[in-house]
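Asker: Go ahead and model the full structure; you've got the sequences and the hints to work with.
So the chains spell out like this:
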Amino acid sequence: MSQGLTPSQTIGPFYFGTVTKAYHQQLAPPGVVGERIELALTLHDADGAIVPDGLFEIWQANSHGRYNHPEDRRNLPLDAGFDGYGRASTDTQGCARFSSVKPGRVPWPQGGMQAPHINISIFARGLLNRVATRLYFDRDPANAEDPVLKMIDPARRDTLLAKQDEKGWWRLPVHLGGPRETVFFDC
Amino acid sequence: MSGKLHIMEKEIYRRAPADAHPPNLSPEYKSTTGRAPRQSAIVLPHTLSEITGPLLESERLDALENDLTKQRSGEPLGERIIVHGRVLDQDGKAVPKAIVEIWQCNAAGRYHHPGDQHDAPLDPNFYGGGRVRADEEGRYQFITIKPGAYPWKNHHNAWRPAHIHFSLFGPAFATRLITQMYFPNDPLLPFDPIYNSVPPGSRSRLQAAFDLEATRPEWALAYKFDIVLRGRNATPMEG
Ligand SMILES: [Fe+3]
Numbered sequence: 112m113s114q115g116l117t118p119s120q121t122i123g124p125f126y127f128g129t130v131t132k133a134y135h136q137q138l139a140p141p142g143v144v145g146e147r148i149e150l151a152l153t154l155h156d157a158d159g160a161i162v163p164d165g166l167f168e169i170w171q172a173n174s175h176g177r178y179n180h181p182e183d184r185r186n187l188p189l190d191a192g193f194d195g196y197g198r199a200s201t202d203t204q205g206c207a208r209f210s211s212v213k214p215g216r217v218p219w220p221q222g223g224m225q226a227p228h229i230n231i232s233i234f235a236r237g238l239l240n241r242v243a244t245r246l247y248f249d250r251d252p253a254n255a256e257d258p259v260l261k262m263i264d265p266a267r268r269d270t271l272l273a274k275q276d277e278k279g280w281w282r283l284p285v286h287l288g289g290p291r292e293t294v295f296f297d298c
Numbered sequence: 008m009s010g011k012l013h014i015m016e017k018e019i020y021r022r023a024p025a026d027a028h029p030p031n032l033s034p035e036y037k038s039t040t041g042r043a044p045r046q047s048a049i050v051l052p053h054t055l056s057e058i059t060g061p062l063l064e065s066e067r068l069d070a071l072e073n074d075l076t077k078q079r080s081g082e083p084l085g086e087r088i089i090v091h092g093r094v095l096d097q098d099g100k101a102v103p104k105a106i107v108e109i110w111q112c113n114a115a116g117r118y119h120h121p122g123d124q125h126d127a128p129l130d131p132n133f134y135g136g137g138r139v140r141a142d143e144e145g146r147y148q149f150i151t152i153k154p155g156a157y158p159w160k161n162h163h164n165a166w167r168p169a170h171i172h173f174s175l176f177g178p179a180f181a182t183r184l185i186t187q188m189y190f191p192n193d194p195l196l197p198f199d200p201i202y203n204s205v206p207p208g209s210r211s212r213l214q215a216a217f218d219l220e221a222t223r224p225e226w227a228l229a230y231k232f233d234i235v236l237r238g239r240n241a242t243p244m245e246g
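Those protein sequence lines, which keep their order, are chains L and E.
Mapping of the first sequence onto my numbering: residues 112 to 298, in sequence order.
Mapping of the second sequence onto my numbering: residues 8 to 246, in sequence order.
Keep in mind that the hints were calculated from the coordinates and are not lab data.
Small disclaimer: the values here were computed from a predicted structure and weren't measured.
Just so you know, not all the hints are guaranteed correct.
Derived BS3-like pairs (lysine-lysine); straight-line CA-CA distance at most 27 Å [what the hints assert, rightly or not]: (1) Lys104(E) to Lys132(L); (2) Lys160(E) to Lys37(E); (3) Lys153(E) to Lys132(L); (4) Lys77(E) to Lys132(L).
Answerer: Quick look at the structure:
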C-alpha cells in the first residue's frame, strides 16, 4: 500500500508560542560535557535584507559524536539533559541564537568521519518548503576531509562555515538567494 | 560535484516525487520570489545526521494542550470541532509517538499574534496553539474551533481559506514537515496561491475529510486529517 506524501506548506508569519519555547535555545544545561559554543544564525533574503519572520531549527550530536536517537547504536556516551535539538525565531535583526556544545564527529557511511557539523532547517513566510543546510566550524582541521564539504563547489563552501567573532560567538549568515546564496541540501 | 555517489546503506528515506511538494518558487505567492533559493539543492546521502532527528521524548506536554477550547478561563466563541487523524508513512505504517503541533486563528479570522493587524476581534478565550503526542498507532486528536478566513496582501481581495497549521518531526531530520490543513470544498481554495502552489494531483491531500462517525452528537463536528511522512527504502541504492 503506497500513500501519497502530505505536501509541505509555508509556516506563515503568525506561528508563535506552541512552536517556540525559550528553553529550546539552551541545548546544554550545566553538567553536559564538551566545548561550550554560542551560535548566532542570521537569515537574509535574495536582496540581502534580513528576514525577521523566519524560524531556525538545529539538530546535532553531543560532544562525543553521539546522536540521542535509537538509530545511533554506537557505544558512545549520551549526556543526561542533552537532546541535541534547538529551535528559535529570528528577531528584528533576523538573528536566532543558541547555546550548546560543539558536536563530535560522526561517521560517513562509506567509511571515514564527517567534520563536526550542525544540521539546520529553515522555515519562513514565503518559503513553501523548509530548506536544509549545515553549519561547519571555520578552521576546524577536520573540514579538509569532510565528504559533504568536498561535494560542494569550493567557491560556495564558505556559505556553510560559521566564523567566530571577537566575543567568541559563532556567526553564520544564511542567504536564501542572491549572489551569496547558501548551499542547501536535499536530505 | 560528481554524480557518482555510491550509496550502499541498508535503509534510507525515500526521495519525494517531483510533484509531491510545491516548488519554492511559486510566483503567484508573491513573497516566494525573494525567498526561494535559485540554485538546486545538493542531494545528500543519508548519514546518521539525516536518519536521526529530535524525538523530543523528554518534552513535557500538558493534558490540555490538545484542547484549544479549554486553555483560558472561558469557552471561546465559534464552532467547536474535533480534528483527528493518524500520522503514517508512505507504506501506510503508523509513525508512533510523533509530536503534532498546530496553530490557527480564531473564529473571526484573527491570530493571537502581535503581527496580525486584521480588523477582526481577538477572543480572550482563544489562544490558538496546541500540541499532542500521537499514540503507538499514530493517532492524534485536537478539540478546537473552526478558524475563520482572513485577508492578506498578496493580491487584490486576497483571502486565505480556513486552515490549521500543522508541524511534525517524525522519526528523523529527513522527515520534518510543516503544512496546513484545509476544510473540504472551501469556496476560497481555488483562489488561494498557497494551496494552489501544490501540484494539482497532490493538492487534495491537504483537505481534511468531514467525519460523521467521529462527530459527537449534540456537541461537535469532526474532521479527519491523516498525515503521510516519508517512508524508508529497504533496498540498497546506487546513484
Ligand atoms: Fe495562517
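Asker: Against each hint, give a clear statement of whether it holds in the structure.
Answerer: Evaluated hints:
Taking the CA atoms of Lys104(E) and Lys132(L), the gap is near 20 Å; set against the 27 Å cutoff, the hint holds. Proximity of Lys160(E) to Lys37(E) is assessed by CA-CA distance (about 9 Å); at most 27 Å being required, the pair is judged to hold. Between Lys153(E) and Lys132(L) the CA atoms are separated by roughly 25 Å; this keeps the pair inside 27 Å, and the hint holds. A hinted pair counts as satisfied when its Cα atoms are at most 27 Å apart, and Lys77(E) with Lys132(L) qualifies at roughly 20 Å.
The earlier numbered hints are all upheld by this structure, with none contradicted.
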